[in-house]
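Chemist: Letter by letter, the chains look like this.
2 protein chains.
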Amino acid sequence: MKWHGWGHPHVTFPMEDKPDLWPFVREKLGMSRDLYHPAVKVEDIKLPANRLTDPKATLKELEALLGADRASIDDFQRLVHAFGKSFPDLWRARAGIVATAPDIIAWPASHEDVVAVIAWAKKNKVHVIPFGGGTNIAGALDVKEEAKLPVLSLDMRGMGRLLEMQQDSNLALLETGAVGPAIEEQLGQRGFSLGHFPDSFEFSTLGGWIATRSAGMQSDAYGRIEDMVQALHTVTSEHVLELKPFPATSAGPDLARPFIGSEGCFGIITRAWMRVHPIPASKRYVGYLFKTFEQGLAAVKACHEADIKPSLVRLQDEGETELAFNLKSPKPLLKSAVEFPVKKLLKTLGYTKPAIMVVGFEGSDQQTAHLASAAASIFKKHGGFPLGDSIGSAWSKDKYNTPYLRDYIMDYGGIADVAETSTTWGKLAELHGAVLAAVSVGCAEENLPGYVGCHLSHTYVTGGCLYFTWALQGGDKPLERYYRMKARVTDAIVAAGGTLSHHHAVGTEHLPWLAKEIGPGGEAMLGAFKKAFDPSDMFNPGGLTPQRIHPYLGTNRG
Amino acid sequence: MKWHGWGHPHVTFPMEDKPDLWPFVREKLGMSRDLYHPAVKVEDIKLPANRLTDPKATLKELEALLGADRASIDDFQRLVHAFGKSFPDLWRARAGIVATAPDIIAWPASHEDVVAVIAWAKKNKVHVIPFGGGTNIAGALDVKEEAKLPVLSLDMRGMGRLLEMQQDSNLALLETGAVGPAIEEQLGQRGFSLGHFPDSFEFSTLGGWIATRSAGMQSDAYGRIEDMVQALHTVTSEHVLELKPFPATSAGPDLARPFIGSEGCFGIITRAWMRVHPIPASKRYVGYLFKTFEQGLAAVKACHEADIKPSLVRLQDEGETELAFNLKSPKPLLKSAVEFPVKKLLKTLGYTKPAIMVVGFEGSDQQTAHLASAAASIFKKHGGFPLGDSIGSAWSKDKYNTPYLRDYIMDYGGIADVAETSTTWGKLAELHGAVLAAVSVGCAEENLPGYVGCHLSHTYVTGGCLYFTWALQGGDKPLERYYRMKARVTDAIVAAGGTLSHHHAVGTEHLPWLAKEIGPGGEAMLGAFKKAFDPSDMFNPGGLTPQRIHPYLGTNRG
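Going down the list, the protein sequences come from chains A and B. All residue numbers for the first sequence refer to this note's numbering, where the first residue is 1 and numbers rise by one. All residue numbers for the second sequence refer to this note's numbering, where the first residue is 1 and numbers rise by one.
The following block holds chain A by itself, in its conformation from the complex:
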């Protein structure tokens, strides 16, 4: 991945087929060409000194343990393992500010390697931060100042095998360093799919998904990652756990659970028995247009009430719909499929705050036909105007590209961030309004234009996830402005009854609000977990510790 941006080093957001997009963004944020603000050169970055007493000797030790080329003290490796992809991570990287970094990186190739490395780390008093795809945008991967000892970054990507399948029983045992495409490819050869497709799918790993309680785009059909996990194998400084994949059990509490959402703070998740499913015969993505976001919300809720379950729902509010219109390609197909009916509707039917929805159906041909038709009649009742299949295909084509867009904005000194939460159906509309207002007030206070948009995705019978994107100019002190805005947005989410994160985890960025969310009892329990699994604070020190003082946000907000 890029050391200071999203994704493949030679890939950028595909602008060539979206001539209106960049002008729209620049205009929205009041950005001009003279704000161009390139990143420093990687060779100019000065990393903190290696804290290992004898880095080369330690390197040799680890290579002896794991094999040649399975460890590194190289500066570039230290740099790319020093943080994830949060705005502060990338802003600091672009500015050449790297205050903390791991001292050594290791690539284990098996569960047994991990057992050996952790025993080595315990003996040698070294912190360990597990590293998957490095895509976390909440700061979960950052080497924090609580790391008082040398830090080993354990890059899991050398462990990506499908080890065993019970096809009859829809079960697969996977190594947790497997990245999304490798998982789908290995399962796909056997006709199966995991069905977990987060935005970061191309880079992020199974272990990262589990450690952050991730949810993918098709979670409405296949569940969140925690719903798919049937059993885990883990290595802590104290125990090696190898649970069995029973379909269900009441033999005591689920011992795998504390690791789901543990953000690398308790130990290493090495292997996971995952529930998989045969690749569906039929996949269909269609578009609808609603007069308002609220109308779309009601339509999606009505689907749940009728037990009609799309695999994916992505309902975009006015802000995101405006952005989506500017994503349009000049190709005739999309022109006729989207632009024409949309414009017509906007004009003649009074769609003043339009909300586009992409909805997906997966299953047998019969099932997708049944679901699509049942959903169509519900959406129609709620004022949804069908936009056909092309908008769905357009969305699907670019579905992993959105994160690249931020790099353009950062090139011009801008700030762009996302904030996602979930709340119950009864509170969704209010929370949506509250966050839009918070960004709007925030931009006014910063005396700047800005962008905010939102989509509903990942829905449940009890509620859904709202995913906000906001952006504005960075000015002289972008990091401070970012944290002011982040605080406004998160305060609004918490006040309106949303959780700190629906699928991005706590990291450093949401930590100041965690104590409020889980209460004093929850905080004490989290502390008890940590003491039980990681008494020597070996793993990801400073993570999931609500009393940690955030340099900008302080502690215990909300």
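Be aware that a few hints might be false.
BS3-like cross-link-like pairs, simulated, lysine-lysine; straight-line CA separation at most 27 Å [claimed, not checked]:
#1 B:Lys-516 <-> A:Lys-244
#2 B:Lys-283 <-> A:Lys-309
#3 B:Lys-309 <-> A:Lys-309
#4 B:Lys-244 <-> A:Lys-516
#5 B:Lys-531 <-> A:Lys-516
#6 B:Lys-56 <-> B:Lys-46
#7 B:Lys-244 <-> A:Lys-309
#8 A:Lys-531 <-> B:Lys-244
#9 B:Lys-531 <-> A:Lys-122
#10 A:Lys-244 <-> B:Lys-427
#11 A:Lys-531 <-> B:Lys-531
#12 A:Lys-125 <-> A:Lys-46
#13 B:Lys-381 <-> B:Lys-309
#14 A:Lys-56 <-> A:Lys-148
#15 B:Lys-531 <-> A:Lys-244
#16 A:Lys-427 <-> A:Lys-531
#17 B:Lys-328 <-> A:Lys-244
#18 A:Lys-531 <-> B:Lys-122
#19 A:Lys-399 <-> A:Lys-2
#20 B:Lys-125 <-> B:Lys-46
#21 B:Lys-399 <-> B:Lys-328
#22 A:Lys-397 <-> A:Lys-18
#23 B:Lys-531 <-> B:Lys-244
#24 B:Lys-328 <-> A:Lys-125
Keep in mind that the hints were calculated from the coordinates and are not lab data.
Mind docking chain B on chain A? Use the hints.
Modeler: Relative to chain A, chain B alone:
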């Protein structure tokens, strides 16, 4: 409930409409009238001395804390709170052997009461065993010899209120002492249902379900209890936890999870935010007959593969089908609906090892019709012969009565027990055969006739639950014979890849096998949980401790 048997004191298994049943059972087990073996009189039972220094003074203290009549040191109350409903529990009760009992019982009326009682218990160095319906059949409620201090039985049934509903979001906040009917009644008044119907539904409590990771009869549609829990409030000796019911969150690990399946060993679950659903418009139970149990298994699996989900599947093997035939009523309706086609099939089509299946569908009229018809064509392909609705109604009528049947057998000195497990689809048939063989070999070794039957219920895309019932004569030393048989059955389950329990919990009866099931790492983690949540071993001492030496089974079997 009866102090030495199942259910309401004045209710017995309804035999009057099943003239063939009792003769069938007696014949199967070789039982005769002269084996009649009544329980001792309750007034002849001598309880162990109360271990409180001054029981009356303590009683006054607790009454001052909770209100008059909210505590008791009465012998009958001590007796009925001393154990659950396992075979050993009831056999000892009938024989008048009560070696351990709680010293005082308290009935809190609110979360705040529980906070006060636990603080009192901590200060006064008293063990606490939470008590729900008292229906656990794995020994989870037994006062064990590890209880070195006086024991308080905390009877939660004074806390049964529906406290809050978010109907819009299918959420209900319930006190955990609510028994099944009280939950359904309170929710039903608002048009909702929890949908959790274990065999013990009439007596057991929400808290008991959560503490034992229960699954109810309709779990295929509405999930296991752990799938329904959205958030818990708990009181331990160290913390008070009050989590919020977000639809989903990635803000750290799920802190409620360790309590699900905690069997009273970590603390008290006081309130639960539960996912509920509107009462379905349509419910339909229909019967099928398969030539073999294995054929039925394949048919159910095919349903999952086609994503056709009944709310309930109960596929009975040859042994249970024979029992079911003897459950038939002499009423004309059932005669024509079941007996006639069954007999005809048996004769003309070679159904030599017939397997009856009851399958349920719930939802809108349209959905149940769609599901029933889709399932029918799958079952037909797998050789299922439709038996119509009456067998389903007959099953539904008696669905909570089966546990009463054991009392008849015990009246004649017999042993009857159930063993349930889950395993993956690929192993179900083999596990089924292995357990039948184990009972068969066991009966031969005991030189006695016996009964064994099994049904499949609670199915998942990864596998299902097998529920075995076995019975034989007790002889001179019924408890020792019981434990020999229990060991044979459980050894067979474990060897064939089944879990110790799918929904009855570990208790005392499965504890000797737990270390094998969860491995050394799991055992260490369980110990770490206990130390974190209950450092003074206040709660249910001896529970969930794999190294505990079982008086008959020893330790670390399997």
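Chemist: Against this structure, judge whether each hint is valid.
Modeler: Here is how each hint holds up against the structure:
1. B:Lys-516 <-> A:Lys-244: Judged against 27 Å, a Cα distance of about 11 Å means the pair holds.
2. B:Lys-283 <-> A:Lys-309: Holds, because 20 Å separates the two Cα atoms, which is no more than 27 Å.
3. B:Lys-309 <-> A:Lys-309: Cα-Cα ~13 Å, so holds.
4. B:Lys-244 <-> A:Lys-516: holds (11 Å)
5. B:Lys-531 <-> A:Lys-516: Since the Cα atoms of Lys-531 of chain B and Lys-516 of chain A sit roughly 25 Å apart, the hinted pair holds (cutoff 27 Å).
6. B:Lys-56 <-> B:Lys-46: Cα-Cα ~19 Å, so holds.
7. B:Lys-244 <-> A:Lys-309: holds (25 Å)
8. A:Lys-531 <-> B:Lys-244: holds (24 Å)
9. B:Lys-531 <-> A:Lys-122: With a Cα-Cα distance of about 22 Å, the restraint between Lys-531 of chain B and Lys-122 of chain A holds, given a limit of 27 Å.
10. A:Lys-244 <-> B:Lys-427: Given that 27 Å is the threshold and the Cα spacing comes to 14 Å, the pair holds.
11. A:Lys-531 <-> B:Lys-531: holds (10 Å)
12. A:Lys-125 <-> A:Lys-46: holds (26 Å)
13. B:Lys-381 <-> B:Lys-309: Satisfied, since the Cα-Cα distance of roughly 17 Å is no more than 27 Å.
14. A:Lys-56 <-> A:Lys-148: holds (20 Å)
15. B:Lys-531 <-> A:Lys-244: holds (24 Å)
16. A:Lys-427 <-> A:Lys-531: violated (36 Å)
17. B:Lys-328 <-> A:Lys-244: violated (41 Å)
18. A:Lys-531 <-> B:Lys-122: holds (22 Å)
19. A:Lys-399 <-> A:Lys-2: Roughly 19 Å separates the two Cα atoms, so the pair holds.
20. B:Lys-125 <-> B:Lys-46: holds (26 Å)
21. B:Lys-399 <-> B:Lys-328: holds (14 Å)
22. A:Lys-397 <-> A:Lys-18: holds (13 Å)
23. B:Lys-531 <-> B:Lys-244: Holds, at about 25 Å.
24. B:Lys-328 <-> A:Lys-125: violated (70 Å)
In this structure, the earlier hints numbered 16, 17, 24 are contradicted, and the remaining ones agree with it.
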